[in-house]
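Asks: With the hints as your guide, set chain H onto chain G.
Protein chains: 2
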Amino acid sequence: MAKKNKTARPKARLPRGLRDVAAAELASEYAMLEKIRAVYDRYGFEPLETPAFEYTDALGKFLPDQDRPNAGVFSLQDDDEQWLSLRYDLTAPLARYVAQNYDGLPKPFRRYAYGPVWRNEKPGPGRFRQFVQFDADTIGAPGVAADAECCMLLAETLEQLGIEAGNYIVKLNNRKILDGVLDGIGIAPGADGDTAKRLTVLRAMDKLDRLGLDGVKDLLGKGRKDASGDYTAGAELSANGIDRVLGFLEATAATRGDTVKALAGLVSGSEIGEAGVQDLAEMDDLLTAAGFGDDQVMIDASVVRGLEYYTGPVFEAELTEKIARAHSDDGVELPRFGSVGSGGRYDGLVARFKGIEVPSTGVSIGVSRLQAALTALGLSGKAAELGPVVVLVMDKEELPRYQRMVQALRAAGVRSEMYLGGSSMKAQMKYADKRGAPCVVIQGGDEREKGEVQIKDLIEGAIAAQHIKDNKDWKAQRPAQFSVPEDKLIAAVQEVLQRHTPKPA
Amino acid sequence: MAKKNKTARPKARLPRGLRDVAAAELASEYAMLEKIRAVYDRYGFEPLETPAFEYTDALGKFLPDQDRPNAGVFSLQDDDEQWLSLRYDLTAPLARYVAQNYDGLPKPFRRYAYGPVWRNEKPGPGRFRQFVQFDADTIGAPGVAADAECCMLLAETLEQLGIEAGNYIVKLNNRKILDGVLDGIGIAPGADGDTAKRLTVLRAMDKLDRLGLDGVKDLLGKGRKDASGDYTAGAELSANGIDRVLGFLEATAATRGDTVKALAGLVSGSEIGEAGVQDLAEMDDLLTAAGFGDDQVMIDASVVRGLEYYTGPVFEAELTEKIARAHSDDGVELPRFGSVGSGGRYDGLVARFKGIEVPSTGVSIGVSRLQAALTALGLSGKAAELGPVVVLVMDKEELPRYQRMVQALRAAGVRSEMYLGGSSMKAQMKYADKRGAPCVVIQGGDEREKGEVQIKDLIEGAIAAQHIKDNKDWKAQRPAQFSVPEDKLIAAVQEVLQRHTPKPA
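First to last, the protein sequences are chains G and H. All residue numbers in the first sequence are consecutive under our numbering, ending with 507. All residue numbers in the second sequence are consecutive under our numbering, ending with 507.
Bound conformation, chain G alone:
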């Protein structure tokens, strides 16, 4: 019985929520990562790589329960009984790194990092349990100049990836202003207010996009019954409280300057609120000085996401509806892309370890999500790569001769290979097609005797094939196929490649 089990074959399958990434998508991912890296580098950040694992307690946020600390993270127990977790973002490991190496680091410490992160969550369409993030953080920077840089970095990165101003927008808000508003209605954090009520207010505000102002108004007041008849209890704010919160959500004006003015009116008298307005005014000045306009970075008081986590400015980069509309001519309905990058100030992160506050701010681009969006928009930015030139094997005895041709092509920088399968001429041509080979090189006995090689241009051949009626015609014409002396092989192949390489604009 044991024997039978042993010979049972495992099923080749991916764990749920994970995926393989094949050549075409990787080519555009590599190109994208390289462009992002160039921007982060030019902004003065330096790279850092931390390992995939951390001790679960050092990773924080998701605290282990006694049994198996699996709430949102992948965790496992080491030989020495300590719990390890796979990183769920790149910020928590950064905090551990900074705390561990604090004395030796430049202050501020500005690092970028990219790589996979893992979430032990229920997978769904477009929602994976492993995905790539690209982060930049400045640790030890008390002023909002560092936050302004985050907004610039987001905007500039998206533009370097080919997304013009107007097709994306970086939205900026400030936790302190929200606190100022909540202050005014007696439910600021730290105040003697009701935490549950505050959360209900935040949750209501976050539904602006979906429910509109009226829906939010209901949720701030008595509550709301939805279309299905389900009733959601409200925050039961006073009429004045509701007005203030709605005023906050509506404060967004056409320019950063006007939004700052509107917000100033809403929080006047609240110390923290006024400090928040001052932050935004300073950031506006820096953004303007650096040449970033209102169509690149806006102040949007309705950005609530992450406000519970961050302690000051928050930012979020979105692809706009405009870009989706512009690319939906063909009638295919495009998804709402939503956020492709976000971040904010989180002064408490390193304090977890050190007990002292280390003011920090940073930004994270969701590479996998952004790439999916760009691909859907046809903007993934990388032309399909040509496959390798394939030297066919017409005669097994002559392998060294074909190998020599391949090696000469490679030495000239031409991506190429000798066919390595064991099959017929037909299988070889099918292989070359499947690889996207621009051409194949053929030398049978006849050609060899004449000191020649045949080059068959597969791209031209495919076009010509559309105009040829039958097999007989084909054999008579042999379009896109020509002979050259063997010592002209490299030059002839390079000419074919040049013909099919897109010219730079």
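Just to be clear, a hint being listed does not mean it is correct.
Where chains are identical, the list cannot tell them apart; a pair therefore holds if satisfied intra-copy or between any two copies.
EDC-like mimics (lysine to aspartate or glutamate), calculated; alpha carbons at most 20 Å apart, straight line [stated by the list, open to error]:
no., residue 1, residue 2
1, K37, E387
2, K398, D287
3, K263, E273
4, K124, D81
5, K209, E399
6, K209, D232
7, K471, D260
8, K219, D296
9, K219, D245
10, K13, D80
11, K199, E238
12, K13, D349
The hints are simulated quantities; they were obtained by calculation from the structure and are not laboratory data.
Replies: Here is chain H on its own, set in the frame of chain G:
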């Protein structure tokens, strides 16, 4: 009490056997990966990325026990009770991928992949539980031409990384020849021989480097007592058997051709042994045709490592003693670098899933290990990168003005940043030093009024400082510091950068 626990701070520490990789090392790792990728790409391989996890049964080799399948791999149980393991190499996930997508793939399928792999092993000096591999494999290639390509790929990659022929060597052997030798003495696998005896023989052969021929001879015969008095039992081969095995270990000659001849003599009469010799002769022809000499790829019958796993040719790339000697002038003793890449033919891998043999061969470069070796040799190939140009903050009211300068520098492609900390002039200069800034830009009130900026060349300044006696002299001379009109800032900074950028050879 619960409250007290809650406020206890976690200790910032790395899990054992893991490490962080900081900027200087990453710069050379990125450069190295890029060079390797260019070679693999030119050889016609295409990229593939599989996720970090696989189902434990699909990963194979390390089979789960009922309790916790942790022998060598990191494993954890998913919500649905299925066991997942982190990949321990890049080959096992490839086999799963190929089996899962078999019908849609070109045949042969030639892919490269790189990334971290994880081993749940006892860490030691230079021995980590996460490290990077860079693999290339050809799946569905029955002939040894694909194996010859692996050797070429190893040699060419090392040369592209700056390691000349003679400083590395790719060693080639063939499992079939060993089987032929064992056949001759009645202990070939599959024969009616004694498996334990065969393993003892293999283990003895693997000790050639350490014990020399005499030591191996003892272990093939009665056994061996080492310096400490410990006794190791031998394989108890006959005198003839010992001679044959030693003859195999000594068969390596100065050229591939001569080694093939010597091996042919040792296995004559054994069908599998003769097939192995034929394989090597074919590979020699292909390597010679492609221009790879005996100082690049040699046949070395003493390479035993991996022979249990592979089914045909095996290869191993080593840095030679010559390179270690050449770089040990300064008296620092260098480690034996050993293998930096290896591979072989493993026709059974995909068969685990499909039930049919899919002949495959591939090679894996140990990126982390190779990089450590190159760094020890001073060959890591990447000059230390210049840090960012730092625009100092002399006057907090003027942040937008400094920001504008930084943005202009960045727009001109200059890596730069405004100082984002909150500290004194002294702290700012210390920061610039620590970041390796080539220069700082200074504009106080005086300069601003004159429409000027000061540029301080920190590299020249450091040199000049060695010749200046005291603070007074320094203040009088202010070496390597000069003023330019503000609109000449970019040109002046670029001039400083040019001065300090190493010229291409």
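Asks: Have a look at K209 and D232 and pick one of within, between, both or neither, based on CA distance no larger than 20 Å.
Replies: Intra 16 Å, inter 76 Å, cutoff 20 Å: intra-copy only.
Asks: As a check of your reading, is K219 near D245 (CA-CA no more than 20 Å) within one copy, between copies, both or neither?
Replies: within (9 Å within a copy, 93 Å between copies)
Asks: Go through the copies and call it for K263 and E273: within, between, both or neither, with a Cα cutoff of 20 Å.
Replies: within (16 Å within a copy, 90 Å between copies)
Asks: Using 20 Å as the alpha-carbon threshold, which applies to K471 and D260: within, between, both, or neither?
Replies: For K471 and D260, the Cα distance exceeds 20 Å both inside one copy (68 Å) and across copies (57 Å).
Asks: 20 Å Cα cut-off: does K13 pair with D80 within a copy, between copies, both or neither?
Replies: For K13 and D80, only the inter-copy Cα distance (17 Å) is at most 20 Å; the intra-copy one is 28 Å.
Asks: Is it within a copy, between copies, both, or neither that the alpha carbon of K13 lies no farther than 20 Å from that of D349?
Replies: between (48 Å within a copy, 19 Å between copies)
Asks: 20 Å Cα cut-off: does K37 pair with E387 within a copy, between copies, both or neither?
Replies: both (18 Å within a copy, 18 Å between copies)
Asks: Cα distance capped at 20 Å. Does K199 pair with E238 within a copy, between copies, both, or neither?
Replies: within (8 Å within a copy, 83 Å between copies)
Asks: Within, between, both or neither: how does the pair K398, D287 come out at a Cα-Cα threshold of 20 Å?
Replies: between (72 Å within a copy, 13 Å between copies)
Asks: With identical chains, the pair K124 and D81 could be close in the same copy or across copies; at 20 Å between alpha carbons, which is it: within, between, both, or neither?
Replies: between (28 Å within a copy, 10 Å between copies)
Asks: For the identical chains here, do K219 and D296 meet the 20 Å Cα criterion within one copy, between copies, both, or neither?
Replies: Result: close neither inside a copy nor across copies, 28 Å intra and 81 Å inter.
Asks: For K209 and E399, with the copy left unspecified, which applies at a CA distance of at most 20 Å: within, between, both, or neither?
Replies: Cα proximity of K209 and E399: none, with 72 Å in one copy and 39 Å across.
In summary, the structure is inconsistent with hints 5, 7, 8 from the numbered list given earlier, while agreeing with the others.
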